[in-house]
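Can you make the complete structure from the sequences, with help from the hints?
Residue numbers (this note's numbering), protein chains in the order written: chain V, 1 to 324; chain L, 325 to 648; chain E, 649 to 1024; chain Z, 1025 to 1400.
Calculated from the structure, these hints are not laboratory results.
Misleading hints may appear alongside valid ones.
To be verified - Non-contacting residues of chain Z with respect to chain L, defined by C-beta distances greater than 12 Å in every case (computed):
#1 T1043
#2 L1045
#3 P1064
#4 R1110
#5 A1125
#6 L1316
#7 R1322
#8 R1359
Claimed, not checked - To spell it out: a stretch of chain L is covered by chain V in this simulated footprint if at least three of its residues, at any positions, have a beta carbon under 8 Å from a beta carbon of chain V; those stretches are:
#9 326-334
#10 348-361
#11 404-415
#12 461-468
#13 584-598
Glycine is no exception: its CB is placed at the ideal position from the N, C-alpha and C atoms.
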Amino acid sequence: MLTLCQALNSGLRRAMEDDDKVLLMGEDVGRLGGVFRVTDGLQKDFGEARVVDTTLAESGIIGTAIGLALRGYRPVCEIQFDGFVYPAFNQIVSQLAKMRARTGGRTALPVVVRIPVGGGIGAVEHHSESNEAYFAHTAGLRVVYCASPDDAHWMIRQAVAGDDPVIFYEPKRRYWVKGEVTPEDAGPPMPLHRARVVRPGADVTLLTYGGTVATCVAAAEAAAQEGRDIEVIDLRSISPLDVATIEESVRRTGRAVVVHEAPTFAGFGAEVVAQVTSRCFYSLEAPVERVGGFNLPYPPAKVEEEYLPDLDRILDAVDRVLAA
Amino acid sequence: MLTLCQALNSGLRRAMEDDDKVLLMGEDVGRLGGVFRVTDGLQKDFGEARVVDTTLAESGIIGTAIGLALRGYRPVCEIQFDGFVYPAFNQIVSQLAKMRARTGGRTALPVVVRIPVGGGIGAVEHHSESNEAYFAHTAGLRVVYCASPDDAHWMIRQAVAGDDPVIFYEPKRRYWVKGEVTPEDAGPPMPLHRARVVRPGADVTLLTYGGTVATCVAAAEAAAQEGRDIEVIDLRSISPLDVATIEESVRRTGRAVVVHEAPTFAGFGAEVVAQVTSRCFYSLEAPVERVGGFNLPYPPAKVEEEYLPDLDRILDAVDRVLAA
Amino acid sequence: MTTVDLADPPVTNPFTGTTDLPRAAEGWTQLVTPDGRLHPDVDVDRDALGRLTRDLYRGMRLARRLDDEAFALQRQGELGLWLQCRGQEAAQVGSVAAVRADDYVFPSYREHAAALWRGIGPADLLRQWRGVAHSGWDPEPYSFHIYTLVLAAQLLHATGYALGVQRDGSDTVVVTYFGDGAASEGDASEAMNIAAVNAAPMVFFCQNNQWAISTPTASQTRTPIHRRGAGFGLRSEWVDGNDVLAVYAVTSAVTEHARAGAGPAIVEATTYRMGGHSTSDDPTRYRTDDELEAWRARDPLARVEALMRAEGWSDETFLGQIQAEADELADRTRRECLALTAPDLADAFATVLSDVPQLLREERDAFVAYRGSFLD
Amino acid sequence: MTTVDLADPPVTNPFTGTTDLPRAAEGWTQLVTPDGRLHPDVDVDRDALGRLTRDLYRGMRLARRLDDEAFALQRQGELGLWLQCRGQEAAQVGSVAAVRADDYVFPSYREHAAALWRGIGPADLLRQWRGVAHSGWDPEPYSFHIYTLVLAAQLLHATGYALGVQRDGSDTVVVTYFGDGAASEGDASEAMNIAAVNAAPMVFFCQNNQWAISTPTASQTRTPIHRRGAGFGLRSEWVDGNDVLAVYAVTSAVTEHARAGAGPAIVEATTYRMGGHSTSDDPTRYRTDDELEAWRARDPLARVEALMRAEGWSDETFLGQIQAEADELADRTRRECLALTAPDLADAFATVLSDVPQLLREERDAFVAYRGSFLD
Ligand SMILES: Cc1ncc(C[n+]2csc(CCOP(=O)(O)OP(=O)(O)O)c2C)c(N)n1
Ligand SMILES: Cc1ncc(C[n+]2csc(CCOP(=O)(O)OP(=O)(O)O)c2C)c(N)n1
Ligand SMILES: [Mg+2]
Ligand SMILES: [Mg+2]
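Given below as structure tokens:
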């Protein structure tokens, strides 16, 4: 049993052992091991040339990672908190995401951008943002979200091994939750961009990712007490999106609720609603519901529990789709 | 008759006459009048203290505009091209958008960010982006799109007069198209955040904004030849979104197509689909279709006409919703 | 009710008109040695200097007490987070005391001593760290902007504000605080450049406290940060940031320079962050006890105490008075902290824009109704 | 087939080991006066200098011819846009010729003369401006990255690349070009700082051509840009950018310095953008004829011609040969331009990621089917 944080650490370690072009870089990732200790001990074992404490400049981190990738390295960048990725937005959106297309497919940039994401840890402002919709809308990026230690370990290895830029989200409030990590010899892991049915069910499909996966599972279990059979799908990858898994489920259940922490307006849930509605229109018994953060800047810590989708708000939405 | 560009110019001039706290700032907005000449002649008439050629630093432009707004000014910033707003993303998303909420509603930041937007003018890379989805998803910003000289003139005045940050999009390929501008004494203009039914119709609703409004009108006119009665709504404001106007229309027509230039995936159209689907579910005869840019970085100029939604692709989608 | 309004009575500046401040071997301006001896070249009115020193000492001592109490409150679970300013009191109090009360300040997030000097009270200082708000105070009455947590963003706000001051023809000066780490952000450089090009009336005050979380200054910059400012064309000063009189003198000089229209300045104050980065940090992972001990020996408060003792500027009464004031401030800090209660999330919907548009209204109403349903 | 491979035969450097290059009254390094006289202190092998000068002249002359032809092609509607490098040939050729062919270059978007020197042909140079692609050439064979249109972004790529070079233990040096305007972007400062902190083997080459579109350098910076570099800890050089020998000598000095592990440098080359910002620009709106005339008198090509005449390094045969080569290059430029045809948008779907995920495949297939429907 490893925590999600430890599972990432062991995944990164393996990635570095497997390929000596893999570098870790970011603010305080070296001696400190990162503010969440995801890279704990790696500088000690791999040296300062491979685990790099950068200057305090996010655009600089991503911009130099691009240059390192052009030189043949495979940088894994840590952005210290979700709210601090914006200074790097230009380098991510105009350079990292577009380089391959700009060169007609010639130039690969195998850069992973790790972002501790979301709320639920009682943090101050700018430390609890869910900004995946920005990156999901950006062609040329892969955007994935781990939600369990097992996925954290295997998905980070897949992300690092791949040849495209990946925005790799790590839900902060799950860092310290423990789980099994599938051993090396258990066969190939699930593909990086496949959604996972974490709980099968027949009546309603909950579509979610990241920090709210566990909440959805808890909601499904609570609903089961009342005889409702809820399927929970962890999307895992939001770009590309595994529409086949979604479509199969919702055609079967006829009802869906999308759950994420980010504000709903023009959030990633809207894309899921649009996909479900267009692909499953004639199977839908009710409009797809969205449960998300309210359309406010993330609120102060003392009220974040009310802001975040919780079990009750999810079940409330389930009631609505079932009532329709 | 004024071009959209001239209508913006006269609107800015009026805004500066009406309130001497209004400043224009940006790269080359002074002596040159901006690369599109939107601010032509204004520095000559209002002086260098009110029409400011800034240093070449977009974060600096927005960041100092915030400071000027805190000091009581009302800066109108020009971003030279859509693709160059990203260096300012941090200042826009974390500072400009959030300041009011961070201060519990106390601190207003009346800053307008003008962005020439979109393709269709044969430009090189980074000069044809449609990035409205990023800002629409950001609480604390107003996001509007003018599509005609009349709206350009009145909407920019409303944007400047308001007390909130506004992302003000100007579709580049419409800059040189002429139209009437409603005179001063013709009564109050349409509210900034109201959608406009630009062509009434009964069979299908086209929901669009910016550069594709004219394309949708042309499509509706072509369809009229074949006896199809298509309603075209120019959303004008995408945040806040005038859901009442949308809802009224689609409940009536039962069919809708959303059209925008931006890539569809996690684009603003997804939000429109989600709103329509949830508000008009029981009136919908067909799933809402989306027509947009393909999910690629904006392509080279020689093929942009194939990339942009055109009359045929819109009519194709209309056929699909009517066939359903 | 309380005596924390530090800026009253206003301090008189014994250094007015002084040029050529003495430098220590390190190259920085220093008026008082670490063991508390006044540099012989300091040739100003001794009475005024004594009064100033006592005022500054009071500010530093009260700040440390508030800082300690807040730290304790965090350890007791009453605050979610606290970022100590321990060790940086001289840099903060020396600089803020040197500018006019209406000179506008854009702090970073650790400027508690400066804020307290400006009259911002404990409740306002703790609010944000208790998680009941995102900002602490109304900037206007204090001419002191809210804290900015996104590093270096405030340097551009300060620069813009200074451009506004310039347009207004006002003689206000703008002061902005930032750290050695924040200096690496592009925004910091853009701000210095824009200020320099426009001769904006402002002071960039860098507290180089040797660390940005676990990253030492040497990994952040090859040259001293004030040299970087000079590269942009700022007047550049380097000062012993643990010497409150030196900080005061240098800051008042550059402020008057900026006020006279002669352009912006950077001041690099070399100081030390005696605590961890925050209460979440574990500094033992990256710095040595020896380093900490060496800097403890340079504690800015101890230096002033030694100076006052040597010069006969303090006595038991004075120290006792301050002690009492500090005790009262600590009590008040605790009391006001515990009284800070969670806001109503429903109110937040009206703080995003100047009105509440339809969708937001619908969302708020649904939230209120939903929440109400649990009360049945 | 053609003779544009300029780097062959490789140039030999007559300045190797030279220190202390002469400066003009302006303060910059200058070896040849505007009227073509070699500074008396230039004490290097004359034969080698003559050969070098002829090589550089050839590069400049060919570049100007290509530039002129591209400008004409734009005016004739064959290119969507063109950004002339006229006036900057000395800065570009002098610098790129001074580094090794495998030293890696990150250009901005106006470095046509440098690109041509590295062997990049007209089709590759024009592709992007004709609107048939977003980039021109495969960087690898030329050690010359594609153009970057987002100002200053490439400075960070160059820095990262140099950090990679350092890790590889290679003796490659990285050279990156940027303008006086781009220098104001935060990315430029972040890059200089990161390079300085890491002693990255690189040269920041700033062509200060006096303008950023309509904004003069004086509105962009208070200090000369090389001084800013010094503030970050870069070795800093200022050179007459219209003196190709001075540019060559300075660039080779700082490159060898960087190659030896002694750290990065900035070179500010003062030059002039003789054309508009681009073919879309109307420079008469913001600059005077007098200014243009003054700089025409400092045309970098004319200076080399005068020098070669004075030193007896050129004759009619040589000039005629280059004339013929230039004519051939112009023909080739036109021919290759007209042969550049639009890509198939359907192919773009396979260029976004290393594979084509389901949604993108569906979109492409629908597009192809839709497009096919018009052929029926
Ligand atoms: C843009 C941004 N990136 C990262 C962070 C996370 N962070 C908070 S404080 C800090 C270190 C700041 O160091 P310094 O500027 O020296 O100030 P100090 O904490 O020493 O007062 C970091 C990396 C942030 N707040 N903002
Ligand atoms: C980030 C960004 N902002 C704005 C622009 C628009 N723009 C293109 S070139 C230019 C001027 C650049 O001036 P300079 O760096 O001096 O280079 P020069 O054109 O003189 O070679 C501007 C403002 C851009 N390309 N990128
Ligand atoms: Mg610090
Ligand atoms: Mg220039």
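Quick rundown of the hints versus the structure:
1. T1043: Nearest chain L Cβ is 35 Å from Z:T1043, so the label holds.
2. L1045: Answer for Z:L1045: holds, closest chain L Cβ roughly 31 Å.
3. P1064: Given a closest Cβ separation of 40 Å, the condition holds.
4. R1110: Consistent with the label, Z:R1110 stays out of reach of chain L, its closest Cβ about 19 Å off (over 12 Å).
5. A1125: holds (28 Å)
6. L1316: Check passes; 16 Å lies beyond 12 Å.
7. R1322: holds (24 Å)
8. R1359: holds (19 Å)
9. 326-334: With 0 residues in contact (Cβ-Cβ under 8 Å with chain V), the coverage given for the region 326-334 of chain L is violated.
10. 348-361: Contact hint for the region 348-361 of chain L vs chain V: violated, 0 residues under 8 Å.
11. 404-415: holds (count 5)
12. 461-468: It holds, with 3 qualifying residues against the three required.
13. 584-598: holds (count 11)
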